[in-house]
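S.K.: Here are the chains, one letter per residue:
2 protein chains.
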Amino acid sequence: MLSGPSGSGKSTVISALMRRRGDIRFSVSATTRAPRPGEVDGVNYFFRTHEEFARMIEADAFLEHAEYVGNCYGTPAAPVEESLNAGYHVLLDIEVQGAEQVLQRRPDAVSVFLCPPSMAELERRLRGRGTDAEEKILGRLATARREYGRAKDYAYIVVNDDADTAAAELDAIITAELCRSEKRMKAIMEGDRPI
Amino acid sequence: MLSGPSGSGKSTVISALMRRRGDIRFSVSATTRAPRPGEVDGVNYFFRTHEEFARMIEADAFLEHAEYVGNCYGTPAAPVEESLNAGYHVLLDIEVQGAEQVLQRRPDAVSVFLCPPSMAELERRLRGRGTDAEEKILGRLATARREYGRAKDYAYIVVNDDADTAAAELDAIITAELCRSEKRMKAIMEGDRPI
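Chains as they are written, first to last, in numbering that gives the first Met the number 0: chain A, 0 to 194; chain B, 0 to 194.
Read the hints as simulated data drawn from the structure, not as lab findings. As the structure is a computational prediction, the values presented were derived from the model and not from experiment. Treat the hints loosely; a few may be bogus.
For chains that are exact copies, the list does not tell them apart, and a pair is met inside one copy or across any two.
No more than 25 Å apart at the CA atoms, straight line, and that leaves these computed lysine-lysine pairs for BS3-like [stated by the list, open to error]: (1) Lys135 / Lys9; (2) Lys151 / Lys9; (3) Lys185 / Lys9; (4) Lys151 / Lys182; (5) Lys151 / Lys185; (6) Lys135 / Lys185.
Could you build all of it, start to finish, from the sequences and the hints given here?
M.R.: Take a look at the structure:
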């Protein structure tokens with residue numbers, strides 16, 4: 000599970016990570032918001048009606064879900080389980096509250112908080128886009144400051160000075176987590192290993 | 000801290016790891032046993048008399064120490080602290096009991112258990128050396144079985160199918176440990192990071 004405020008460079012780091020490892024699948028979220036031009040159902044999001052979304056909540060079909068500006072977003076559990084069973088690692092791009100919900104259901108999930116090198120650098124990046132109004136930028140900086148306060152609740156913190164270095168650190172975290180003794184002992188006990 | 004029974008291939012993996020990373024220093028142990036031909040004081044071991052060793056224990060100068068077949072072995076704390084202060088990671092080749100002692104003094108130490116892919120493979124390796132008597136091989140296998148029982152007490156388990164892969168996993172564990180949020184938050188608080 001990867002969380003990071005706007006401007007942390009999350010999507011670039013995720014792309015770099017996916018290029019490094021072939022054993023990762025990206026979790027596609029479900030949402031009730033309308034598709035934007037070019038967005039494809041099942042690729043960018045699973046686009047669902049409010050009624051369909053409500054039925055999925057009823058059926059306990061989400062690892063986590065939340066409402067945001069009038070629309071619902073959630074991580075469907077079934078595709079995640081399928082990918083895990085097929086031997087893949089599953090990457091969730093997720094908000095702080097979502098990460099907490101997932102950990103309730105999947106205590107073996109690993110949480111990583113991605114942050115830019117500094118607030119000054121974050122501000123530079125947000126302004127550098129040149130697309131957002133001053134008010135929006137200040138709002139994002141305030142949100143970022145609040146979100147940083149939650150970084151310590153994550154298992155890992157990766158600082159994104161450079162996307163390739165950050166991707167290498169995420170790669171190392173996945174490899175190291177597979178070596179955690181409780182996970183390795185489980186693999187050994189389940190007969191993956193003859194010792 | 001790396002532990003592994005005889006035949007786990009520890010020294011090969013350590014060499015491969017040291018080639019991968021330039022930021023590791025290997026901890027040289029102190030011992031009361033006599034140097035073997037070619038062994039150099041301060042390189043292979045710090046060779047000390049029983050009296051010198053006893054004074055070091057008295058002065059609380061060891062991270063851990065133990066007696067083994069009439070000789071004393073220990074990890075001097077001062078060189079470890081010096082290397083850490085100079086920004087290096089310190090690698091300790093250490094027995095199960097030693098690792099426990101170090102964790103008492105340095106709870107931030109990271110323990111890794113190295114094991115061969117299977118008991119059958121371990122036996123093959125021990126016999127493949129062609130140097131040991133049957134009795135000695137059986138003794139080593141019994142010790143290995145007992146030591147494997149302790150693997151779960153380590154933070155990580157690395158299976159040495161292949162030395163380069165095992166070294167890559169150790170490398171990843173070091174990188175990932177540096178991203179652990181409690182360590183990163185400490186670095187941030189100490190001013191390494193401006194956030």
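S.K.: Each hint needs a verdict: does it hold in this structure or not?
M.R.: Going down the list of hints, with the structure as the test:
| no. | hint | result |
| --- | --- | --- |
| 1 | Lys135 / Lys9 | within (19 Å within a copy, 55 Å between copies) |
| 2 | Lys151 / Lys9 | within (18 Å within a copy, 35 Å between copies) |
| 3 | Lys185 / Lys9 | between (32 Å within a copy, 23 Å between copies) |
| 4 | Lys151 / Lys182 | both (23 Å within a copy, 10 Å between copies) |
| 5 | Lys151 / Lys185 | between (28 Å within a copy, 10 Å between copies) |
| 6 | Lys135 / Lys185 | neither (48 Å within a copy, 31 Å between copies) |
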